[in-house]
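Chain by chain, the residues run as shown.
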Amino acid sequence: MDTRDAHLKIRERKPLIHHMTNVVVTNLTANLTLAIGALPVMAYDKEEVEEIVDRADVLLLNIGTITREQLDSMLLAAKRARADGKKIILDPVGCGASALRKEAADRIMAVGTDVVKGNFAEICTLVGKSAEMKGVESEEGKTEVAIEAAETLSKRSSCTIAVTGREDVVSNGVGTSRVVGGSEMLKHITGSGCMATTAIACFLAVEEPFYAAMHGLELMKRCSEDLTYDGPASFQQAFLDRVFSFPDTRARA
Amino acid sequence: MDTRDAHLKIRERKPLIHHMTNVVVTNLTANLTLAIGALPVMAYDKEEVEEIVDRADVLLLNIGTITREQLDSMLLAAKRARADGKKIILDPVGCGASALRKEAADRIMAVGTDVVKGNFAEICTLVGKSAEMKGVESEEGKTEVAIEAAETLSKRSSCTIAVTGREDVVSNGVGTSRVVGGSEMLKHITGSGCMATTAIACFLAVEEPFYAAMHGLELMKRCSEDLTYDGPASFQQAFLDRVFSFPDTRARA
Amino acid sequence: MDTRDAHLKIRERKPLIHHMTNVVVTNLTANLTLAIGALPVMAYDKEEVEEIVDRADVLLLNIGTITREQLDSMLLAAKRARADGKKIILDPVGCGASALRKEAADRIMAVGTDVVKGNFAEICTLVGKSAEMKGVESEEGKTEVAIEAAETLSKRSSCTIAVTGREDVVSNGVGTSRVVGGSEMLKHITGSGCMATTAIACFLAVEEPFYAAMHGLELMKRCSEDLTYDGPASFQQAFLDRVFSFPDTRARA
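Protein chains in written order, with this note's numbering: chain A, 927 to 1179; chain B, 927 to 1179; chain C, 927 to 1179.
No distinction is drawn between identical chains; accordingly, a pair holds when it is met within one copy or between any pair of copies.
Each computed DSSO-like pair below joins lysine-lysine, with the alpha-carbon atoms no more than 30 Å apart: (1) Lys1028 - Lys1012; (2) Lys1055 - Lys972; (3) Lys1028 - Lys1005; (4) Lys940 - Lys1028; (5) Lys935 - Lys1012; (6) Lys972 - Lys1005; (7) Lys1028 - Lys1068; (8) Lys1005 - Lys1081; (9) Lys1068 - Lys1147; (10) Lys940 - Lys1005; (11) Lys940 - Lys1055; (12) Lys940 - Lys972; (13) Lys1028 - Lys1081; (14) Lys1012 - Lys1147; (15) Lys1028 - Lys1147; (16) Lys940 - Lys1147; (17) Lys1068 - Lys940; (18) Lys940 - Lys1012; (19) Lys1028 - Lys972; (20) Lys1068 - Lys935; (21) Lys1068 - Lys1081; (22) Lys1005 - Lys935.
For the record, the hints were derived by calculation from the structure and aren't laboratory data.
Same shape as in the complex, but just chain A (with noise of 0.2 Å):
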């Protein structure tokens, strides 16, 4: 199944995803999600993430403005969303940022998941390798040890890494490929890593995780590329559009 074969797939059984993210990248990633054709919903009360997760197809936690009652209704979600068989994909935001985090991202894993999807520094930090960090906006990994590094996380999570930079590197411990192009704006609009996950998390509801990194990372890469715009904003908006009218076979309603 190519990326746009998976594409069709998520426009015909419109998955739910179950976002519980950063407040920074709410609106964007819920605008995301209906633009690849999937269907966004929010909740976060430890109460309700159960039942929640139980009616949907995917579960996406992004640790990027967490709170110690946030990660306690994280890992309420990803033990349920493990108990139904759900797919979980994981954003570890600033892991290397502050001790919250970094247990926020280990807690994570050890439920499991079957994504997790980092920039350079975050994917280090996991590693457990020293990285230069300035902010969560400002990483751009080394193709060269951003495979090392993925390839040594997926082998000891079992899960597949997705290290997003110049280059995008995944990989699941048996194979390892780059993904390619994309523009450079990305970078100066807030939450274009939130997005990658965001698109990985809509094709992981039809596909095997390798596959859904590969098609979520490349879907994010050719929808920045040949844009027209003035500045970052109508980047946005081009990109968003551009999302929504991929592949060129879309049948608009």
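Mind docking chains B and C on chain A? Use the hints.
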């Protein structure tokens, strides 16, 4: 008073709309409130919501990403609004998706609401009918069932019920009307239902609930038609721009 | 150092701006930070804010949708920033609207701030003058009163005070200046005041508070002028695009 006259009255009075809403649509509904000509204020903490209600003209409660703590705050705010004679509108987002959301909708309605605005599945849930549900964004009401549900719930709760769908339905238990038209693109952006609630809330500041619901929904439909766009993101922008210049007599400041 | 030189220094240093801000403007102010050339990080939990402050260059506190819990976190963060010698900017959004917000502003100022940026009503509230208030978005300062209030509050609190309005006023208790111009459309989008605070925060990383306030407000005014738009949503987009390419010598990455 037709939509245009009511709208001009909003622009003249600039009512303050206290939103307690979900994290997906906070920015969007604040901007819609301004585009209509009213003023938004968002406030959540139980220590301050009663003071904010005192200053506001209308209280909008949207349970889209509710937490137990926010429910407690919403109930305090609703009781204060009742005591003050301020109008209340409830959007029971996803009330069929969890026990917490159903409890939230029921308890808020028990305090008393002037308008409840939901999609087909949400209103069916409140009436006690089962409705096929898949996520929060996926519903399309069937008009006949929507009318029956709206009339039943309206009589039972003594408030105006608005059901959004291909045709919107509004009932106050005595009369029932439909609002037709509007763009199919509204379903491709997150928060279009939440925006309808905000639109109704603005009209609630200047007229009775049944007419406020009709005019708010009319505004959504009319301003979504005949726009120029390339996809959902540029559609949303064009929609907000249109609202700002609607009705056409708006005096730009 | 003029606005342009200070701006180029931001682009060169890429300072990290720790935002603890309201849920209405989180995405918008993160994107503004990036457009200016700095890096945003949002973090709220009391367990992690001190670590994030340690990594950041400037701490921005905005009480727009504050909760008691977030106030506790903000106070921890502010104390750490003081101890670290990091600059702090406060936006006392709606501090006249509730006792909680007034308490928040007072307690944060008691820890110590480098800049307090508010609208006319907010600064009047902090000075102890009564000001006619209707919501958070509705204020227009009267310049003479704003100057008096800014000077009084600046001397009392030993920090720079910036008052936004038709004419912006900045005082450090010794000197007072005005920033004029700017588009009337800024008042038709939510968060334009919060964006001014973010702009000042970015300049605070490279220069003294009085100049940072002047240059941040100057950036807001200049980038809002002579834009092409059809309404508030396209205005906001054009504004962010303009900031990204301002000053004109920006080397695109």
